[in-house]
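S.K.: So the protein lines, in turn, are chains Y and P.
Here the first sequence stands for residues 3 to 230, numbered as in our numbering.
Here the second sequence stands for residues 467 to 773, numbered as in our numbering.
The set of hints was computed from the structure by calculation and includes no laboratory data.
All of these numbers come straight from a predicted model, not from anything done at the bench.
For each residue, glycine too, the CB sits at the ideal point set by N, CA and C.
Among the hints, erroneous ones may be present.
Stated by the list, open to error - Taking lysine to any residue and the SDA-like style, the derived pairs with C-alpha atoms no more than 20 Å apart in a straight line are:
id, chain 1, residue 1, chain 2, residue 2
1, P, K770, Y, R121
2, P, K641, Y, K48
3, Y, K103, P, F638
4, P, K770, Y, E86
5, P, K558, Y, K99
6, P, K641, Y, E86
7, P, K550, Y, E65
8, P, K699, P, Q653
9, P, K641, Y, L47
10, Y, K48, P, P655
11, Y, K108, P, T642
12, P, K558, Y, E86
13, P, K558, P, K641
14, Y, K99, Y, R72
15, Y, K48, P, V665
16, P, K558, Y, R121
Claimed, not checked - Sample of chain P residues with no beta-carbon within 12 Å of chain Y, all distances over it, derived:
id, residue
17, L470
18, V556
19, P744
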Amino acid sequence: MNVFYGDVQVIWDISFEVAQGEIVALIGANGAGKSTTLKTISGILKSRKGEITFNGAPIHAMEPYRLIERGIAHVPEARRLFVEMTVEENLDMGSLKGAAKAEREKTKQQVFEMFPRLRERRRQFAGTLSGGEQQMLAIGRGLMSKPLLQMYDEPSLGLSPILVKDVFNVIKRIKEEGTTVLIVEQNVKQTLAIADRAYVLENGRIILQGTGESLLNNEHVKTAYLGV
Amino acid sequence: MAQLELFLQTLISGFLLGGLYALIALGMALIMGVMRIINLAHGDIMMMAMYIAFWLFTLFGIDPYVSVFIAAPALFLFGMGVQKYLLTPVMKVESILPHNQVILTVGLAMVLSNLATVLFTGNYRSTPVNYASNAWYLTDIWKGSPIELSLSMPWTLSFVIAIVITIALWLFLSKTDIGKSIRATSQDPDAALILGVNVNRMRMLTFGIGCALVACAGCLFIPIYYLYPSLGKQFTNVGFVITVIGGMGSTNGAVIGGLILGIFESMTATYIGMGWAPVGRFAIFVAALVFLPGGVASIIRRRKLGK
Ligand SMILES: Nc1ncnc2c1ncn2[C@@H]1O[C@H](COP(=O)(O)OP(=O)(O)OP(=O)(O)O)[C@@H](O)[C@H]1O
Ligand SMILES: [Mg+2]
Chain Y
3 MNVFYGDVQV
13 IWDISFEVAQ
23 GEIVALIGAN
33 GAGKSTTLKT
43 ISGILKSRKG
53 EITFNGAPIH
63 AMEPYRLIER
73 GIAHVPEARR
83 LFVEMTVEEN
93 LDMGSLKGAA
103 KAEREKTKQQ
113 VFEMFPRLRE
123 RRRQFAGTLS
133 GGEQQMLAIG
143 RGLMSKPLLQ
153 MYDEPSLGLS
163 PILVKDVFNV
173 IKRIKEEGTT
183 VLIVEQNVKQ
193 TLAIADRAYV
203 LENGRIILQG
213 TGESLLNNEH
223 VKTAYLGV
Chain P
467 MAQLELFLQT
477 LISGFLLGGL
487 YALIALGMAL
497 IMGVMRIINL
507 AHGDIMMMAM
517 YIAFWLFTLF
527 GIDPYVSVFI
537 AAPALFLFGM
547 GVQKYLLTPV
557 MKVESILPHN
567 QVILTVGLAM
577 VLSNLATVLF
587 TGNYRSTPVN
597 YASNAWYLTD
607 IWKGSPIELS
617 LSMPWTLSFV
627 IAIVITIALW
637 LFLSKTDIGK
647 SIRATSQDPD
657 AALILGVNVN
667 RMRMLTFGIG
677 CALVACAGCL
687 FIPIYYLYPS
697 LGKQFTNVGF
707 VITVIGGMGS
717 TNGAVIGGLI
727 LGIFESMTAT
737 YIGMGWAPVG
747 RFAIFVAALV
757 FLPGGVASII
767 RRRKLGK
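Same shape as in the complex, but just chain P (with noise of 0.2 Å):
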C-alpha cells in the first residue's frame, strides 16, 4: 500500500511539474516555429519575470499570482524589442556561421544574468507566501480511504493557472486571425506574406509571446522554488529538452512533452534519487532525439496527415 501511495504521489507531482513545464516550452516551440531558431536566452528571461514577482512581493507585498499581470506585459514588450533591435538585424547580416540570431540569444542569456548578479547579487532568494505549506489532502475528502495522498496547494495553483493560459493560447492560435497568421508564419512565409501578413510584425509578436508566456511561467514557479541570477541555463535546457521530445517548433507537443518530461524527472527523483533528475532529464533527451525523431509532433502529424 506504501509503495502504491508512493507512486501515485510522485506520479501526481509529476504531472504537476509538467504543466508548468510544458509553459516554459511553449513558448520556446512557438519562437522555434516561426522564427526557426532555439532562444537560449528561454530561462534567463523566465529569470527576469522571477525577479520582478520576487521584489515586488519583498517591496509591495504583492502575491506572485497577481504579479503576473504584471511580468507577463512587461517581458512581452521586451521580447517584441528583442526581436525589433537585436535579433531581426542580424538576420540580415551576411556571415560564414548560419545560426548568428541563436549565437546572440546565447549573448543576451549571459548579459541578463550577469546583470542579474551585479544588481541583485549571488544570494538565493525565495518568496515566502504564506500558504507555501499549505495542501489539500485525500482523507479531507474521502474520509475511508485506504490511502493518503496529499496535493500542495501552491502547486496545484501554479498547475490550474498554467492550463488556463494554455488553453487561451490555443484559443488564441486556432480562433483568430492574428493567431492564425502567426501559424501561417511558421508554415510558409512567403506565402504568408503575399496574403497580406505583415511577416516582420508577426515575428515581434511571437517573440514578446514566447517571452511572456515564460514570465508567466516564471511567476508560477517562485511560490514553490528559489531564485537565483544563474538560475536561466537549467530551464533554457528544460524548454529546449522538452521541445525535442515534443518536436521542434509544435505546440502541441510541447505540452504532451512537459508532461512526459516532468513525470519522469518526478519519477528519477523519487526511485533513484534526489540529484539524478538532470541525469534522467539527459537520457530522456538523448533517448528522444534516438528513437523518436521528430518528436510527438510526428506522431501527431502522422496520424492527421496520413504521413
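Only chain Y is shown next, with the shape it has when bound in the complex (with noise of 0.2 Å):
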C-alpha cells in the first residue's frame, strides 16, 4: 500500500501478510505510520496503489462499515469508546451485524467472564470509567463482533505494568481460542514475546522483519527499540 495525507506520503510502497491463526506485529517509533496502516486495512484511509486482499477477495475498494461484516474488528488507537453510553451499549455497538447480533448476548456474557468489572460497571457511562476498565471496554467491544481478524493499535497505551500484563495475556487467549490477531504496540519487548512474526516500520517503509524471536535477538532492533 502507498497512503498520503493529502499530498503528503506516509507510507512507502509497504507489502505484508498475516495467516491465519498468527499473531502479527507492527513495530515502530512515533510518527513511522503504524496507526495509518491499520486504518487503512479498516478503510478509513486509502491506498492509493496496491491493493488489500483478506481471505483471498479484495477490500481496499469497500465501504469501510462493511469490512466488519467480513470478519475484521479494529480496536482503534485512544479506544474511541462512545463516552456518553453505558458499557454495555457499547458493547452492543460491538455487534451490529448478522451473526454477531444474533449471539450478542452469549458474547456479551463471555466478556463480562474475561473482564468481570465491566460486568459490575455495565449501566455506567463508559466515561466515568478508569483508563484500565476502558481499555477492557475497548477489546471487549472488538470482541463482540466475533472477528476473524482483530487489529488492535496500542491496547496498553496508558495502563500500569501489571494491567499491560494482563491485556497481554487477554491477547494470548484470544489467539488460542482461534481469532488471528494484528497489533500495534510501542511495548516492543511484551508484543514481540508473544508475536509469530513481526515488522518494524520506519518513516513508512518496512525495514526488517521475522518470527518474534529472532527480531528481540536483532541488534538493530534492540539498539532502536529495546534500549539495550
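Given two chains presented individually in distinct reference frames, assemble the corresponding complex, making use of the accompanying hints.
M.R.: See the structure below:
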C-alpha cells in the first residue's frame, strides 16, 4: 500500500501478510505510520496504489462499514469509546451485524467473564471508567463482532505494568481461541514475546521482518527499540 | 387569591407551551448532535407541515391531530432528501467558509417561505376546529375549590401528544440498534464507522427524523395558532434558543430547555405584557450563554460523568 495525507505520502510501498491463526506485530517509532496502516486496512483511509485482500477477496475498495461483516475488527488507538453511552451499549455497538447480533447476549456474557469489572459497571457511562477499564471495554467491544481478524492499535496505551501484562495475556488467549491478531504496540519487548511474526516500520517503510524471537535478538531492534 | 390563580394559570400555560417547544427543539438538537450544524430551516419545515395540516383540514376536513400521520412521514422523506441531495454534496466542497452547510439551510429557509408566499399568499390562516375553545375547569372536578383554573382542551391534547412522541423518541434512541447507532454517530463518527455503522445513512435518517419531529410540532400547533408563510423564522429562533439553554445537541437538554422557555415566555407575557415574550426569549438566551455555557446538558453530564 501507498498512503497519503493530502499530498504528503506517509506509507511507501509496504507489503505484508498475516496468516490465519497468527499474532503479527507492527512495531516502529512514533509517526512511523503504524496507525495509518491499520486505518487503511479498515478502509477509513485509502491506499493510492496496491491492493488489500482478505481470505482471497479484495477489500480495499469496500465501504469501511462493511468490513466488520467480513470479520475484521479494529480496536483503534486511544480506545474511541462512546463516552456518553453505557458499558453495555458500547458492547452492543460492537455487534450490529449478522451472526454477531444474533449471538449478542451470549458473547456479552463471555466478555463479562473475561472482564468481571465490566459486568459490575455495565450500566455506567463508558466515560466514567478508569483508563484500564476503558481499555478492557475497547477490547471487549472488538470481541463482540466475533471477528476472524482482530486489529489492536496500542492496546496497552496508558496502562500500569500490571495491567499491561493482563492485556497481553488476554490477547494471547484470544489467539488461542482461534482469532487472528494484528497488533501495533510500543511495548516492543512484550509484543515480540507473544508475536509469531513481526514487521518493523520506519518512516513509512518496512525495514525488517522476522519471527518475534529473531527480532528480539536483532541488533538494530535492540538498540533502536529495546534500549539495550 | 386572584394573584395565586393568575400565577398558577400562567405556570400551566407555560408548561403546555414548553412541551410543544421541546418537540421543536428535539429535532433541532438531534440534527445538531449528529451533523454538527444548526438547521436554520427548522421553523420553515414546521411551516410546511402546518400548511399540509391546514389544507388537509380545509379541503378534506381531516383533523390536524390526524394529519400528524401524514405530515410527519412526508417531511421525514423530505428531510432525508435534503440531507442526501443538498447537505451531503456541500459537505464535500472545500470552501473558505467552514459552515457552508448552515448557509445552505438559510437558503432553504428562504426558498421555502417564499414558495409558500407564492403558492398560498401571505394571508393569515387558521384552522377552525370545533373544539378550539373547549376547556376543562378545576371546579368541574373539585366543586369546593377555592381557586379556579382552566385547561384548554386543544392545548392539553397537543401537550399530551408531544409527551407521547418524546417518550417514543427516547425509547427509539435508547433501545434500538438504529437509535444507538445514531447516538454513536453523534459522539464519534469514525469509531461508529469501523463498527459497521453506515454513517451517511445515519445522517440522512437523523435529518429525516428531525424534520418529522418538527412536523409533528407543526400539526400540534395548528389548532391553537395561526399560520402565515414567514412564521418559520420565529420557530427557528425558539428552537435555537432552547438548544442553547439545553446544551447544543443534547436531547435531554432540549426537553428541559423547552419547558424552561415555555414557562419563562408565559410569565413574561402575563407579568410584563403580551408583546414582550420575544424580548424575554432574547434575555434568557443571553443569560444562558453567559451564565450556563454548555446549557442544562453540562449539568446533567457533570452529574453522570463526574466532570
Ligand atoms: N490526519 C493526518 N493528517 C496529516 N498527517 C497525518 C495525519 N495523521 C497522521 N499523519 C502523519 O502521518 C505519519 C504517520 O502517522 P501514524 O499515526 O500512522 O503514526 P504511528 O506510527 O501510529 O505513530 P504513534 O506511535 O505515535 O501512534 C505521521 O508523520 C503523522 O504526522
Ligand atoms: Mg499510532
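S.K.: Please go over all the hints and tell whether each is borne out by the structure.
M.R.: Cross-check of the supplied hints:
With a C-alpha separation of about 18 Å, the suggested pair K770/P and R121/Y falls inside the 20 Å cut-off, and the hint holds. Simply put, K641/P and K48/Y have alpha-carbon atoms about 34 Å apart, too far for the 20 Å limit, and the pair is violated. Taken as a hint, the K103/Y and F638/P pair is honoured in the structure, with Cα atoms around 18 Å apart against an allowance of 20 Å. Note on K770/P and E86/Y: the hinted pairing holds, with a Cα-Cα distance of about 9 Å set against a maximum of 20 Å.
Restraint check for K558/P and K99/Y: the C-alpha separation of about 28 Å exceeds 20 Å, so the hint is violated. Taken as a hint, the K641/P and E86/Y pair is honoured in the structure, with Cα atoms around 15 Å apart against an allowance of 20 Å. Between the alpha carbons of K550/P and E65/Y the distance comes to roughly 17 Å, so the proposed pair stays at or under 20 Å and holds. As the CA atoms of K699/P and Q653/P are separated by approximately 29 Å, the hinted pair breaks the 20 Å bound.
Between the alpha carbons of K641/P and L47/Y the distance comes to roughly 32 Å, so the proposed pair goes past 20 Å and is violated. This hinted pair checks out: K48/Y and P655/P have alpha carbons roughly 17 Å apart, not beyond 20 Å. In summary, the hint linking K108/Y to T642/P is supported, as the alpha carbons are separated by about 18 Å, within the 20 Å threshold. With a C-alpha separation of about 28 Å, the suggested pair K558/P and E86/Y falls outside the 20 Å cut-off, and the hint is violated.
The suggested pairing of K558/P with K641/P is violated, with an alpha-carbon distance near 32 Å, which exceeds 20 Å. Under the criterion of a C-alpha separation no larger than 20 Å, the hint pairing K99/Y with R72/Y is consistent with the structure, at around 10 Å. For the given pair, K48/Y sits about 17 Å from V665/P by alpha-carbon distance, which is consistent with the 20 Å threshold. For the hint pairing K558/P with R121/Y, the CA-to-CA distance comes to about 42 Å; that exceeds 20 Å, so the pair is violated.
Remark: the non-interface label on L470/P is consistent with the geometry, its nearest Cβ contact in chain Y lying 41 Å away (cut-off 12 Å). Listed as outside the interface, V556/P is consistent with that label: its C-beta sits roughly 21 Å from the nearest C-beta of chain Y, beyond the 12 Å cut-off. With a minimum CB-CB distance of about 33 Å to chain Y, P744/P clears the 12 Å threshold, and the non-interface call stands.
Against the hints set out earlier in the document, violations occur for numbers 2, 5, 8, 9, 12, 13, 16.
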